[in-house]
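Protein chains: 2
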Amino acid sequence: MARKAGSHSEITGPKIRAEAQRLFARHGFAAVSMRQIAAAVGVQAGALYLYTPDKEALLVDLLKTHMDELIAAWRAISKSNDPTARLEEFVRFHIRFNLERAEAVFLSYMELRNLSPENFAVIEDLRKTYETELEAILKSGQDAGVFQLPDSKLATMAIIAMLTGVNTWFREGGRLSRDKVETIYWDMVRKAVGA
Amino acid sequence: MARKAGSHSEITGPKIRAEAQRLFARHGFAAVSMRQIAAAVGVQAGALYLYTPDKEALLVDLLKTHMDELIAAWRAISKSNDPTARLEEFVRFHIRFNLERAEAVFLSYMELRNLSPENFAVIEDLRKTYETELEAILKSGQDAGVFQLPDSKLATMAIIAMLTGVNTWFREGGRLSRDKVETIYWDMVRKAVGA
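As they're listed, the protein sequences go chains U and C.
Numbering-wise (my numbering), the first sequence opens with residue 3 and increments by one.
Numbering-wise (my numbering), the second sequence opens with residue 3 and increments by one.
For the record, the hints were derived by calculation from the structure and aren't laboratory data.
Virtual Cβ for every residue (Gly too), placed ideally from N, Cα, C.
Just so you know, not all the hints are guaranteed correct.
As a list, the in silico DSS-like pairs of lysine-lysine whose alpha-carbon atoms are at most 30 angstroms apart [what the hints assert, rightly or not]:
1. C/Lys-182 <-> U/Lys-141
2. C/Lys-182 <-> U/Lys-193
3. C/Lys-182 <-> U/Lys-182
Counterexamples of contact, computed for chain C against chain U with all Cβ distances above 10 angstroms [as the list claims (entries may be wrong)]:
4. Arg-103
5. Ala-104
6. Asp-127
7. Gln-144
8. Glu-174
9. Ala-194
Given only the sequences and the hints, what does the whole structure look like? Please build it.
Put into structure tokens, the structure is as follows:
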């Protein structure tokens, strides 16, 4: 949240965000009241309004922060100039980052319909920025003649959907480790782009 | 809905289901009241309870009907014995069927958290039945030596996520026709399974 109201908010801000995210993910944005969030944080409902103008602002903050962190984290690790190596980095990064932020990812898919058109546009822009990072890798591979792709835009959407889908079925301690899952998905993505 | 209460319900049943689906998809299950559904249908809230015991029963009916129709439609068109041809049939069928039922697909992903454990299990079973249809194709291709797959279970989840993702970005009258999209996705799936 951009606005802070003194040292009180410095302490409760992260707690408010964590509790709001947990409650929105569990019950859905529409079903959660500011009063419930305040109760989970352990403050009066009035104190919440020192931190955020309303419930939608809280949701936008959660969704925007998630996308900002996703993009920053990817840009921080991205190193290789070789399109195939870079695509492998992307595949492994996306699976790992999203599994670590399951609630935030879930919210990002579930609650877009609760945003005003202006706020929706902000989140959509960030989503496109991230997709463009992957599309640039796919295009560089096409240009270098190492990827065979009928359509880099559709391949971008297909790969992101495939990778994000891991969040719907992966369970820690199940048949496969995260690393093994990353390796199997990388095998499929590599073949899908004809590398 | 299994229960019908005479000719009145015979008439309003499909309308109730259509309005409930539209309202749930637009505002979210938690945010929609039985009163709102009744108003959209043009009946008193009391009349709705002749048709369904409660709002969750209405949601379960929508989700279950969608899965039943998906499975029945796939079994009705599935013909080829050749694994590659059959996989292509599946890819094209899944994209086409889901694009035609965008609201039902959206609900199926969004509202699972609003089901009781018993109802969730019913929908999950149907989902697994459908996934098993795809996994059987992938295994038959592995057995025949025409697919190269590290893991048929993960490939099943990856392919379904990839194909269902089309619903999030496809717009009628956009750059690509449905048929062209099917063809591009089939190209990626075929390569991904090493066929």
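Results for each hint:
1. C/Lys-182 <-> U/Lys-141: Answer holds: C/Lys-182 to U/Lys-141 is near 20 angstroms, not above 30 angstroms.
2. C/Lys-182 <-> U/Lys-193: Status holds; Cα separation ~21 angstroms.
3. C/Lys-182 <-> U/Lys-182: Violated, at roughly 34 angstroms.
4. Arg-103: Given that every Cβ of chain U is farther than 10 angstroms from that of C/Arg-103, nearest at about 18 angstroms, it holds.
5. Ala-104: holds (13 angstroms)
6. Asp-127: holds (15 angstroms)
7. Gln-144: It holds; C/Gln-144 is separated from chain U by about 14 angstroms at its closest Cβ, greater than 10 angstroms.
8. Glu-174: holds (16 angstroms)
9. Ala-194: violated (4 angstroms)
Consistency with the previously given hints fails for numbers 3, 9, ordered from lowest to highest.
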